[in-house]
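Q: Going down the list, the sequences are from chains A and B.
Everything in the first sequence is counted per this note's numbering, starting at 45 for the first residue and increasing by one.
Everything in the second sequence is counted per this note's numbering, starting at 374 for the first residue and increasing by one.
A couple of the hints might just be wrong.
As the list claims (entries may be wrong) - Under the rule of at most 25 Å between Cα atoms (straight-line distance), these lysine-lysine pairs were calculated in the DSS-like manner:
#1 B:Lys566 / B:Lys522
#2 A:Lys85 / B:Lys617
#3 B:Lys556 / B:Lys655
#4 A:Lys85 / B:Lys635
#5 B:Lys617 / B:Lys470
#6 B:Lys556 / B:Lys566
To be verified - Away from chain A, derived, C-beta distances all over 10 Å, residues of chain B:
#7 Asn396
#8 Glu417
#9 Tyr454
#10 Tyr515
#11 Glu528
#12 Gln533
#13 Phe547
#14 Val554
#15 His572
#16 Glu583
#17 Gln648
#18 Pro668
#19 Val685
#20 Glu690
No wet-lab data here; the hints were simulated from the structure.
Note that beta-carbon positions come from the ideal geometry of N, C-alpha and C, so glycine has one too.
As a plain string of letters, each chain reads:
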Amino acid sequence: MVDALELAARIGSPLTESTFRDNRRMDVAATHILPLLTTLKNDFGFNMLIDLTAVDYLEYEGARDRFGVVYLLLNVDSGERLILRTAVNLPEATLPTATGLWRGADWMEREVFDMFGIRFAGHPDLRRILMPDEFTEFPLRKDYPVKGRGERHNFPVITRAGS
Amino acid sequence: MPLTPVDDPEVKSSEREYVWTLNFGPQHPATHTTLRLVLTLDGERVLDAVPHIGYLHSGFEKLGETLDFNQYVTIVDRMNYISPLANEIAWHHAVEKLLNIELTPRCKYLRTILAELMRLHDHLLNVGTTALDLGGFTAFLYAFQQREKIYDIVETASGQRFHTSYTRVGGVLFDVNNAWVDKVRAFVRGVPKTHDEVHRLLTKNRIFIERTRGIGYLSHDDAINFSATGPVARASGIERDLRKDEPYLAYADLDFDVVCAKSGDCYGRYLVRMQEILESLKIIEQAIENIPAGPVNIDVVSDMVLPAKPAVYRSIEGLIQHFEVIMPNRGYDVPREQVYAATESPNGELGFYIVGNAETRAYRVRTRPPSYIHFGMFPHMIRGHQLGDVAAVLGSINIIAAELDR
Numbered sequence: 045m046v047d048a049l050e051l052a053a054r055i056g057s058p059l060t061e062s063t064f065r066d067n068r069r070m071d072v073a074a075t076h077i078l079p080l081l082t083t084l085k086n087d088f089g090f091n092m093l094i095d096l097t098a099v100d101y102l103e104y105e106g107a108r109d110r111f112g113v114v115y116l117l118l119n120v121d122s123g124e125r126l127i128l129r130t131a132v133n134l135p136e137a138t139l140p141t142a143t144g145l146w147r148g149a150d151w152m153e154r155e156v157f158d159m160f161g162i163r164f165a166g167h168p169d170l171r172r173i174l175m176p177d178e179f180t181e182f183p184l185r186k187d188y189p190v191k192g193r194g195e196r197h198n199f200p201v202i203t204r205a206g207s
Numbered sequence: 374m375p376l377t378p379v380d381d382p383e384v385k386s387s388e389r390e391y392v393w394t395l396n397f398g399p400q401h402p403a404t405h406t407t408l409r410l411v412l413t414l415d416g417e418r419v420l421d422a423v424p425h426i427g428y429l430h431s432g433f434e435k436l437g438e439t440l441d442f443n444q445y446v447t448i449v450d451r452m453n454y455i456s457p458l459a460n461e462i463a464w465h466h467a468v469e470k471l472l473n474i475e476l477t478p479r480c481k482y483l484r485t486i487l488a489e490l491m492r493l494h495d496h497l498l499n500v501g502t503t504a505l506d507l508g509g510f511t512a513f514l515y516a517f518q519q520r521e522k523i524y525d526i527v528e529t530a531s532g533q534r535f536h537t538s539y540t541r542v543g544g545v546l547f548d549v550n551n552a553w554v555d556k557v558r559a560f561v562r563g564v565p566k567t568h569d570e571v572h573r574l575l576t577k578n579r580i581f582i583e584r585t586r587g588i589g590y591l592s593h594d595d596a597i598n599f600s601a602t603g604p605v606a607r608a609s610g611i612e613r614d615l616r617k618d619e620p621y622l623a624y625a626d627l628d629f630d631v632v633c634a635k636s637g638d639c640y641g642r643y644l645v646r647m648q649e650i651l652e653s654l655k656i657i658e659q660a661i662e663n664i665p666a667g668p669v670n671i672d673v674v675s676d677m678v679l680p681a682k683p684a685v686y687r688s689i690e691g692l693i694q695h696f697e698v699i700m701p702n703r704g705y706d707v708p709r710e711q712v713y714a715a716t717e718s719p720n721g722e723l724g725f726y727i728v729g730n731a732e733t734r735a736y737r738v739r740t741r742p743p744s745y746i747h748f749g750m751f752p753h754m755i756r757g758h759q760l761g762d763v764a765a766v767l768g769s770i771n772i773i774a775a776e777l778d779r
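Sequences and hints are given; from them, build the entire structure.
A: As structure tokens, then:
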């Protein structure tokens, strides 16, 4: 089991540790997320990034930050899991990319960018992945309606005659 | 011009006129669903592949924020529609972890049997269609004949063949009866013969071996670096299976082995899937003979589960309970917390990250889709191979576009 105090001393930033059910979580400042990920991967054997996702806290009661970004890590050899959470705010909403550590982070970060508009500085190919390239909004943000804003109706219709 | 021009550093990229681009998909028989690849080819050799996805994106995660925990099951079983019940089990596994619900022993066994039937369902399809794409039509027909029987079993349990929506928070829609148990027993007896037939058609088939061995190689370290899980990871020598490592449902009681291979190529993934079919049969055989009696749903008193329909129509307590669960201003006691729970789906680790906000629906629900994560490594696996190998690699990582795009 990785010790939170030791980790905090390594990266020089406080970590808030919490546990819910069997999930062990650590909250860290966005400025220290990359050193923390690097330390965990290189020195503590968390060699797999299981998932990377985000949460929009716009309508969440008592939330102070706009977005939470969640990293789910796994130590393949020991089976230990760890969840790292950090927060970013508009207008920058930028985090350093984790693609240098895990190539698997490539598409995960692209999806978070596509859905939430959170940018990952240094990502080699940060384009939309699920939504069309000409789409301008970020659909999983809470201020985006479930029904959409009529984008689908504005797509140009390509007819057989006109193509 | 040198024999293999791309390897010659003297040739500048602007002079590579022999390199051409091929659009593969979104409607192509070998993709099975809608995904598109832009391949850069030197003759038949693939220099690079750029996947374009999103053709089936339907906002499933956004819908999860508007539907309650029982309603959303109709959406999750449309994700990986090759093994719909596996998604439902994964979804309610996560919800039950959030709500801290312990299932009844009967429900655990029932869900275990269904999850393993779905693994057979997925692996039979995958082995069959991979062979089909590589020109072996017969194995596909043998495999599909057994899949048809799984549809029948699932229909007997849930009333639906495909999108079953069978699980509920704290249990399942209906309990199963003895006729269902007999049906599963008869099915389990029939599969080894089909397995043997497919095995004899493919495993030592020279054409099949030459089309798959050494193709789409993924090393042990790359598999970890690319977040591979499930059969893809196990074929690269990662000994990891959530059924063993983090036992859920009834897996801790059952005897089975984790299947691994070291080769990391398409043939290795085929062999892992074939052997997992036999391991799944072992699990089903044990579980079906030891399925405990007793209630399938957790006790109604807990206020967490939908009561059985006869109780709703014939007793006031049942009606009240139904009302309490269904009405949006009542319902579950959801903590303001976040939880991640994963199951070993046929395709890999299928997890849900749920954020609860004291409402009967999730504030945010994230699916960890194995297809999406595996497809991200496709360009790495296909580089340097032939155009014809695209079908072999696509088949071996089992991309289901509905789960890929959600």
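Q: Can we confirm that no CB of chain A comes within 10 Å of the CB of B:Asn396?
A: Holds: least Cβ distance 16 Å, greater than 10 Å.
Q: Grab the minimum beta-carbon distance between B:Val685 and chain A and tell me whether it stays above 10 Å.
A: 30 Å, holds
Q: Taking the minimum C-beta separation from B:Pro668 to chain A, is that value above 10 Å?
A: Nearest chain A Cβ is 24 Å from B:Pro668, so the label holds.
Q: Against the 25 Å threshold, does the CA-CA distance of A:Lys85 and B:Lys617 hold or violate the hint?
A: Given that 25 Å is the threshold and the Cα spacing comes to 24 Å, the pair holds.
Q: With 10 Å as the threshold, tell me whether B:His572 passes as away from chain A on beta-carbon distances.
A: 30 Å, holds
Q: May I ask you to check that B:Gln533 keeps its beta-carbon over 10 Å from the closest beta-carbon of chain A?
A: Non-interface label stands for B:Gln533: nearest chain A Cβ at 26 Å, farther than 10 Å.
Q: Does B:Glu583 clear chain A by more than 10 Å, comparing its Cβ with all Cβ atoms of that chain?
A: 29 Å, holds
Q: Assess, step by step, whether the Cα of B:Lys566 is no farther than 25 Å from the Cα of B:Lys522, and give holds or violated.
A: Holds: B:Lys566 and B:Lys522 sit about 14 Å apart, inside 25 Å.
Q: Regarding the assertion that B:Gln648 does not contact chain A, is the least Cβ-Cβ distance greater than 10 Å?
A: 21 Å, holds
Q: Would you mind confirming whether the straight-line C-alpha gap from B:Lys617 to B:Lys470 stays at or under 25 Å?
A: 18 Å, holds
Q: When you check the alpha-carbon spacing of B:Lys556 and B:Lys655, does it fall within 25 Å?
A: With Cα atoms ~16 Å apart, B:Lys556 and B:Lys655 stay inside 25 Å; holds.
Q: Taken at face value, is the distance from the CA of B:Lys635 to the CA of A:Lys85 at most 25 Å?
A: 24 Å, holds
When the structure is compared with the earlier hints, no violation turns up for any of them.
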